[in-house]
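There are 2 protein chains.
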Amino acid sequence: MRRLGHISNVDSLVDSAPAHIRREVKAVLQALDKAIAAVQPAKLLHDKITVRGEVFRVGGRRLNLDKFDEVVLLGAGKAALGMAKAILELLGRRIKRGVIVVPYGSNVKMLDCVEVLEAGHPIPDTNGVKAAQHIIELAESCKENTLAVFLLSGGASALIPLPADGVSLEDKIEITNLLMKSGANIHELNTVRKHISAIKGGQLAKALSRSRVVSLILSDVVGDDIATIGSGPTAPDVTTYTDALQILERRGIIDKTPSSILTRLRRGASGEIPETPKPSDNIFKHVTNIVIGGNFDACRAAASFMRRSGYRSMIVSSHLEGEAREVGRAFSSVALSVERYGVPLKRPCAFVIGGETTVSVRGDGVGGRNQELVLAAVEKLADTRKAVLASLGTDGIDGPTDAAGAICSSNTLRQALEAGLNADDYLRHNDSYNFFKKVGGLILTGRTGTNVGDVAILCVGD
Amino acid sequence: MRRLGHISNVDSLVDSAPAHIRREVKAVLQALDKAIAAVQPAKLLHDKITVRGEVFRVGGRRLNLDKFDEVVLLGAGKAALGMAKAILELLGRRIKRGVIVVPYGSNVKMLDCVEVLEAGHPIPDTNGVKAAQHIIELAESCKENTLAVFLLSGGASALIPLPADGVSLEDKIEITNLLMKSGANIHELNTVRKHISAIKGGQLAKALSRSRVVSLILSDVVGDDIATIGSGPTAPDVTTYTDALQILERRGIIDKTPSSILTRLRRGASGEIPETPKPSDNIFKHVTNIVIGGNFDACRAAASFMRRSGYRSMIVSSHLEGEAREVGRAFSSVALSVERYGVPLKRPCAFVIGGETTVSVRGDGVGGRNQELVLAAVEKLADTRKAVLASLGTDGIDGPTDAAGAICSSNTLRQALEAGLNADDYLRHNDSYNFFKKVGGLILTGRTGTNVGDVAILCVGD
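These protein sequence lines map, in sequence, to chains A and B.
For what it's worth, the working numbering labels the leading residue of the first sequence as 1, then goes sequentially.
For what it's worth, the working numbering labels the leading residue of the second sequence as 1001, then goes sequentially.
Because the hints were derived from the structure by calculation, they are not lab data.
Among the clues, some could well be false.
To be verified - Subject to a maximum C-alpha distance of 20 Å in a straight line, what follows is the list of computed EDC-like cross-link-like pairs (lysine to aspartate or glutamate):
| hint | chain 1 | residue 1 | chain 2 | residue 2 |
| --- | --- | --- | --- | --- |
| 1 | A | Lys-181 | B | Asp-1425 |
| 2 | B | Lys-1438 | B | Glu-1418 |
| 3 | A | Lys-278 | A | Asp-225 |
| 4 | A | Lys-181 | B | Asp-1424 |
| 5 | B | Lys-1181 | A | Asp-425 |
| 6 | B | Lys-1438 | B | Asp-1364 |
| 7 | A | Lys-346 | A | Asp-462 |
| 8 | B | Lys-1085 | B | Glu-1070 |
| 9 | B | Lys-1285 | B | Glu-1275 |
| 10 | B | Lys-1256 | B | Glu-1174 |
| 11 | B | Lys-1096 | B | Glu-1070 |
| 12 | B | Lys-1181 | A | Asp-424 |
Model, not experiment: these values are computed from the prediction.
Throw the hints in and build the complete structure from the sequences for me.
Set out below in structure tokens:
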């Protein structure tokens, strides 16, 4: 068998699959591997950036490196290390200093002359605050003739938290929890957070206002909105202090909001403290935000591999959000229409979806959104003859587990019953990890060094 | 404008749509109308059945009417009236007697020599019990040389409830409520109900065991399983009393189960009372169950109309189930991928889904599953340029409202904001009906005389 790059247990997953769907299991796992490979930061940056002599080209922009005294590298996110390595290869010794912030566990202190700091994720911590201060200080030290390259990827919101004056990290964490419990969506969450932060919502761009800024952004956000990815440190913010207050009001949590936050938002709304930088702000004339890759790149690689493997293939959506179990059920229903009516495609065929689902935790089990999506499909796929569904997080980490995701097939329900397991019970307890640990089907990758959300593939064999 | 058959407010919906998406709104509404027209019982029966001289052909079967002394017509369901009319046209005076059961409000007492009874739906009542007794008596009066034609459509489970000996209608209603609240799925619900009924789960076929039986079935069930539609009065039952007891146990409601039901199930499990007829039972040699139409027919008509109207078209699934709001969000996300990446289809294009979603009611608003599905899409469609989404129940009745469903577009969120309405709040209160009543978008049909579940169309203009 072809050696795969990221998924470490392909052989055992293929071997343990029932013979009649082994081909589909293998194709799906290989396609997911291709999806991860396609969004490796190094690959994306080398694809999008060329440096010839002193000319740096990226995203249709052309910068003459001669014009700058120095290049400073800043960055934060789950993919910062891989992105920094690729940029160092491209720009080499032109980079004189820099700092990037990554989750704990990288075991790297320096990359050439770039400091590598570690901080808490997904819960922000004081090391993150220190790292963010370090980034702002470095940014403010940049001059007119500095080219600042900022590497942004998912996870940055938590990795470089910088509470605004008078607000504590604890208050920020508390309001985030209150908002999430109240059902606030990502836009509401970010509107509030940007107005109690000293780095989010374009404020890093403000700190860099004397310099030329190029932000290279790997998107983990559905829709790739640059104001949302990592809370948009170098992107204009269209929201206001008044918006933030209205959200707290509408979500019914204004009475529970920490007073430091309420004071700041009210002072901001009355004009006592400056707004976050708006789209019309002059500072953005010197800023170029470029999304170098996102979920669609991963989906495209997966669909393209399935097509080369002989399956009619289609990306159904790379903008999926919603409750994982519901997405799993809806997606798996497509296999029934394929087998029964030959729609939307005739067999053999494959469907790719991408995005990022969520799990409303009700039970006390262990799992992740991808594993839960797949577990929710088990019952419906039992009514198919020859279907396989797999889903994984491209960062290799699905919930608080050591799995990236899971795979199931037409046979999984039967296998579970034979093992005395009730799939429905595991789903009710949000215990997808233990279900697949017992039945088989966990996909293992370890950290992949990238992060563009989730990819799922449904394959129906002939 | 072309006159439409079923949707009564097309003109006003088209006129009130923003000019740039008027074409899409019109096409989608016309396509939904075609979907309803394609599954009218008369049309389906005339398509599937031919009577030439004394030869009756249906679904590949050939019956010689000469061989029978009489044809008896039985039936129940929301589409029973339309089905009966069509059969009377086809078989005419050969039908000597019969009875069909329909929901209140038909205002018809007799169709030729066929009695029309009315009963409660969706809550069963004593008129339903009497009607079911009447059907069983008529069935038992059929002889060797009788051809019994049974017309089955959605709603029959409630319209002809016949509690088994010793079980009261109240007990049946109570256990149904207990099961539904415990999260039981349709299969679990039916397993229990078939074992406390004297008509469900093949027991009508048993009452007709001396005769030749042809069941003509209009499916409102996702997947068209004949044992599930109307609880399968003429279909073999693979479930047992023991299964039923295990379900009550597993759902944790065995202690609350009415004692009459518990007694019956335990006696059944110990062999004291006979099982429901199983697939191997001889009675089914004389029974032909034919699904004359279902959700896919409606989806196909809708997709085909959209194609003729110039939109690349695709049925994504006619097997959709799940929480309405989640399906709405997932489905609308496809429009974003179309506009941004040209996948799964390039503009202009349309996607059709069918099935039947559910709503977990949390708020105290008014709505239906189709209206809620559409409301949940409003926010996502606001990020599109030119998309329209509509969903309706093919029976014309969406929840406890006078609407069949609703339609929204890229502009609906803006219209709502201008009217001071927060779409999210209405969704949280399950108040989709009042949202669309205020913003516009309710689709009105009245009862359509058919019932094959729901159809939704997403259209992205050029």
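Hint check:
1. Lys-181/A to Asp-1425/B: 16 Å, holds
2. Lys-1438/B to Glu-1418/B: 11 Å, holds
3. Lys-278/A to Asp-225/A: 15 Å, holds
4. Lys-181/A to Asp-1424/B: Within the cut-off at roughly 16 Å; holds.
5. Lys-1181/B to Asp-425/A: 16 Å, holds
6. Lys-1438/B to Asp-1364/B: 17 Å, holds
7. Lys-346/A to Asp-462/A: 9 Å, holds
8. Lys-1085/B to Glu-1070/B: 18 Å, holds
9. Lys-1285/B to Glu-1275/B: This hinted pair holds, its Cα atoms lying about 18 Å apart.
10. Lys-1256/B to Glu-1174/B: 10 Å, holds
11. Lys-1096/B to Glu-1070/B: 6 Å, holds
12. Lys-1181/B to Asp-424/A: This hinted pair holds, its Cα atoms lying about 16 Å apart.
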